[in-house]
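Asker: As given, the protein sequences belong to chains H and E, one line each in that order.
Position 54 of the first sequence, counting from 1, maps to 54 under this note's numbering, and the rest follow consecutively.
Position 102 of the second sequence, counting from 1, maps to 1102 under this note's numbering, and the rest follow consecutively.
Mixed in with the good hints there might be a few duds.
Straight line, CA to CA, 20 Å or less: simulated SDA-like cross-link-like pairs of lysine to any residue [what the hints assert, rightly or not]:
{"#": "1", "chain 1": "H", "residue 1": "K87", "chain 2": "E", "residue 2": "F1220"}
{"#": "2", "chain 1": "H", "residue 1": "K136", "chain 2": "E", "residue 2": "D1055"}
{"#": "3", "chain 1": "H", "residue 1": "K87", "chain 2": "E", "residue 2": "K1151"}
{"#": "4", "chain 1": "H", "residue 1": "K136", "chain 2": "E", "residue 2": "H1057"}
{"#": "5", "chain 1": "E", "residue 1": "K1140", "chain 2": "H", "residue 2": "A156"}
{"#": "6", "chain 1": "H", "residue 1": "K120", "chain 2": "E", "residue 2": "G1172"}
{"#": "7", "chain 1": "E", "residue 1": "K1151", "chain 2": "H", "residue 2": "D141"}
{"#": "8", "chain 1": "H", "residue 1": "K26", "chain 2": "H", "residue 2": "F9"}
{"#": "9", "chain 1": "E", "residue 1": "K1022", "chain 2": "H", "residue 2": "D167"}
{"#": "10", "chain 1": "H", "residue 1": "K165", "chain 2": "E", "residue 2": "V1402"}
{"#": "11", "chain 1": "H", "residue 1": "K166", "chain 2": "E", "residue 2": "G1092"}
{"#": "12", "chain 1": "E", "residue 1": "K1053", "chain 2": "H", "residue 2": "D141"}
{"#": "13", "chain 1": "H", "residue 1": "K166", "chain 2": "E", "residue 2": "K1140"}
{"#": "14", "chain 1": "H", "residue 1": "K165", "chain 2": "E", "residue 2": "L1150"}
{"#": "15", "chain 1": "E", "residue 1": "K1064", "chain 2": "E", "residue 2": "S1394"}
{"#": "16", "chain 1": "H", "residue 1": "K166", "chain 2": "E", "residue 2": "K1024"}
{"#": "17", "chain 1": "E", "residue 1": "K1151", "chain 2": "H", "residue 2": "I163"}
{"#": "18", "chain 1": "H", "residue 1": "K166", "chain 2": "E", "residue 2": "V1093"}
{"#": "19", "chain 1": "H", "residue 1": "K166", "chain 2": "E", "residue 2": "M1015"}
{"#": "20", "chain 1": "E", "residue 1": "K1140", "chain 2": "H", "residue 2": "I163"}
{"#": "21", "chain 1": "H", "residue 1": "K119", "chain 2": "E", "residue 2": "Y1171"}
{"#": "22", "chain 1": "H", "residue 1": "K165", "chain 2": "E", "residue 2": "K1022"}
{"#": "23", "chain 1": "H", "residue 1": "K136", "chain 2": "E", "residue 2": "F1220"}
{"#": "24", "chain 1": "H", "residue 1": "K166", "chain 2": "E", "residue 2": "K1022"}
{"#": "25", "chain 1": "H", "residue 1": "K165", "chain 2": "E", "residue 2": "N1142"}
{"#": "26", "chain 1": "H", "residue 1": "K120", "chain 2": "E", "residue 2": "S1174"}
{"#": "27", "chain 1": "H", "residue 1": "K166", "chain 2": "E", "residue 2": "R1141"}
{"#": "28", "chain 1": "E", "residue 1": "K1022", "chain 2": "H", "residue 2": "I161"}
{"#": "29", "chain 1": "H", "residue 1": "K165", "chain 2": "E", "residue 2": "K1140"}
{"#": "30", "chain 1": "E", "residue 1": "K1140", "chain 2": "H", "residue 2": "D167"}
{"#": "31", "chain 1": "H", "residue 1": "K166", "chain 2": "E", "residue 2": "L1150"}
{"#": "32", "chain 1": "H", "residue 1": "K166", "chain 2": "E", "residue 2": "T1091"}
{"#": "33", "chain 1": "E", "residue 1": "K1024", "chain 2": "H", "residue 2": "D167"}
{"#": "34", "chain 1": "H", "residue 1": "K119", "chain 2": "E", "residue 2": "T1168"}
{"#": "35", "chain 1": "H", "residue 1": "K87", "chain 2": "E", "residue 2": "M1155"}
{"#": "36", "chain 1": "H", "residue 1": "K166", "chain 2": "E", "residue 2": "K1144"}
{"#": "37", "chain 1": "H", "residue 1": "K165", "chain 2": "E", "residue 2": "H1094"}
{"#": "38", "chain 1": "H", "residue 1": "K120", "chain 2": "E", "residue 2": "P1262"}
{"#": "39", "chain 1": "H", "residue 1": "K166", "chain 2": "E", "residue 2": "N1146"}
{"#": "40", "chain 1": "H", "residue 1": "K166", "chain 2": "E", "residue 2": "E1147"}
In case anyone wonders, no lab produced these hints; they're calculated from the structure.
Keep in mind that this is a model prediction, so the values were computed, not measured.
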Amino acid sequence: MSITEILFFFLSALAIVSAIMVLVSKNPVYSVLWLVAVFFAISGHYILLNAQFLAIVNMIVYAGAIMVLFLFVIMLMNLNAQSEPQKNMWMKLAGVISGGCFLMVLVSLVRQANELTNKKALTVEGNIGLIKNLGKVLFSDYVVPFEITSVLFLSAMVGAIVIGKKD
Amino acid sequence: MNAIIVSALLGVVMMFSGIFFKNKSIIKHIAAGCLLLLLGANLLQHYEIFIIKIDTHNLLRFEKMGIFFNTITIVATLIYVLLSGKDIENTGVHVAEYFALLFFILCGVSILTSFNGLLMLFLGIEIMSIPLYILTGTDKRNLKSNEAALKYFLMGSFSTGIMLMGITLIYGGSGNFQIGQAVVSSAAGTVPNASFLEVAGLLLLFSAMCFKVSAAPFHFWTPDVYDGAPSVFTSFMATIVKVTGFYAFIRLFENQNELLGPTWKIILSFVIIATLLVGNITAVFQQSVKRMLAYSSIAQAGFMLFGLYTSNDLSKEGLLLYSAAYCLATIGIFAVLIKMKDYTLDGFNGLAKTQPVLAFTATVCLMSLAGIPLTAGFFAKYYMLASVVKAGGSLWIVIVAVLFAAVSVYYYFRVIQAMYFKEGEAETTEITQSFKVGLVFVAILIVLIGALPSVLLNYFYF
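Pulled out of the complex, with its shape left as it was, chain E reads as follows:
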């Protein structure tokens, strides 16, 4: 509850800071300070100290895992603001409003980590999406940004409509917003006598959530929107918003296996394979690194969907680890990408000679995304696949996933190859010393989590 209240209030604070401070870099520092405040408030909840005690009438349920996930997202946002804050300033004139919208998104994130019932799920998803539609279109002079914003808004509204239809069917069947309440009398060996309305509603919800996390048959908006949006905001929506979508997705479908029956696994494995296939294979053919990262985020979504496939303890730990690893690596690589003058692969040629620090940290981030050992991405992928092995029964899907991980190495390493082994003069915008320090910090964090993943996970059990 602390995180929800404090982030909404801090959003308002950010709006007002735009009136009082004309200097843009002060606003950035205020935002970083506010994020620290939010982090503190969220940690207080961890020790069960509440700012205001509210009876939520069982509409919100706070769990340790949700609060820990909030911590991950807030820390990731803090790193994001410190690394790319300067680029947010350069996107447009309404800097304070952009930061305010980021805080509203964090409010949506903390609702989605604690929702109990479909009403709060809907509100959380909308609070998270609407600021994003706006942030996508902030680069008003750029036609591609306008197109991306309009496309994202129309498709997003359509998927929200599908989600509402699903919620309506579930509400019509059971008369409340809780899920998994309908009577399931499943004697062994028989077809469970599930409620038709609830199953149909859950399937519609499944489609809408697949859209939000850009899983395969519903992924068509992703490349255009990620490519068209200003790079700083692409970085935010590919990381924090996406992993939160997964968290909500898994929380929603955690206990629905029984209700949906054996068909559920078939649908889900179809979605996972299609997502891995589309993401990885299409990424191979991209010439623009930004577009390649958009497809790679679809491919990573395929791995995160394994958390839904099994939902046991190992997959929960895996999801937390994956969120942290994926957020860090993607924020790092985007921070480097924003500084480049040319977003194509050729634009990276010879970066190692002109900017060795940038090239090295980008390499660490790319290796983490590919899942090379000693980086965070390796253990993230390992936990996800291990959870499937632990659940047993479907080893083939693990093998397919490993094969696609091997494909992903190809396109990530093409960037590394361009940076280190090709001749060229990679042009960057001005790079400050503190930016380099920040990047090195991110790289160290990635290696640290990769070497000792238990440190992060042990904290979760405290």
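Next up, chain H with everything else stripped away, as it sits in the complex:
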């Protein structure tokens, strides 16, 4: 087993365990901290795929900015056990069944999909994830969606001001 494979399995296990811990933690602050661990594990995967830019952005934006925001919101909301709504037993059961069905479909999908057999991830030799190549693609083939995204962000900014400003 090469070092890349060991790292891959370690990071995958870390990501899955942390993701489960996000769900089972009783304290929402712990959930957020576990989520940070998930993002770090996924950033590790990006580095294995030789996509340093994506890894750094993932860490700065998600693990850094968004998670700090999450923590602030959770602390401001002052959640405790009393304010948590009681969930209906049947709703829980329905959720488990539908979620389980979905999991089954996805697992069988990954096992049987013929696109995925005999394919290997570009771990060390791939260079599409480097900033230079990313920039070239973004400003040539995908320049139209790149520019149109600005409309999306502009409308989100306008909305934040409309919602947040005092009347």
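Using the hints provided, position chain E relative to the given structure of chain H.
Answerer: Below, chain E alone, put in the same frame as chain H:
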């Protein structure tokens, strides 16, 4: 391309008009002028004159039908602004921003009528949805509006997550954002050897799109959001945004019948029947007219889904006709509803005596929604059902749809009954002469399309 660029620019123009003009009604007139400009730009594209020539790298594909659909939505928005512009002014203080957001939504609409591939589909859906979340919550003092905005935002983000998951699976399978590229070797009589990843991705996309157009198992947000949002913006999201969602839905799944196989029709007919059932039956029990219209919009979605069920020429014409008819009628009835002081059925009692023009135009709109002949709604429903008959094979679903159309007559006519045959003093806010003229114009348009649907459709072939 013209419509995308011009609508985004005009959105910015609207934002700046808020700085220079303090008078709110000037802003409304600027918005109407800008819409005319946008309409002109879109028509120029029809004659293949471009403002800027751009190589879109095959990410956008402009078709006659999409441009014609853009024209319908822009004209509907223009009518909407002229009829209800005054109520937009009264919703809050940031009037210029509201109009700017409407233009950004139109930008999303023109992306969705021309997308080629999933990347642009995603961008279009988001540009159309995010301004709507904000417009839902503009009535900040009203707790229901806040609740509706939060609910819409959370559910909408969740469905976007499902959509992204579907796009990821398709991208993972084929390595690009095009759909229908995976090899399908379907010798006659065998199960098509479709790509598992693509089929799973398409199913997730199907769920997300069903959410956006509020089809049945994913409709739970609709009544609360439509009820809670300020009525002017409910009118906009129930009409222009909804029909665009359908356009994108049908464009996305146009050629996927072969890939998804016979199960596809079963899933789709389940969704159609459930949508018709939930929409029509629940609407019967509503006391608030606004909430009744929310359920009726679910029911109308069931009819529009027939365009997806068949996807032949007749259903395409039907979709265009349905969009025009449904937009006009719903904008008209909402314009009347906004003027009422009491949104319940009893609030409409005796409207025919106090405001005969309003009562008459509301009647025309309601008859069009119910699909009575000589109104636009009749031919819209006729084309949708005729396309199923033409495709052949599943006559039972047509019969079910006709039965539910009969149910819908009951709750639409309850409003008409309240207006004409019940005693009462329906109270309205102040109604100007120009508002009445606008309403009569809408009613005439509805009857005109109902009498001569070929006029609208012939224009499409020019």
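Asker: If you test the structure against every hint from before, which numbers come out violated?
Answerer: Those not satisfied are hints 7, 8, 10, 15, 23, 38.
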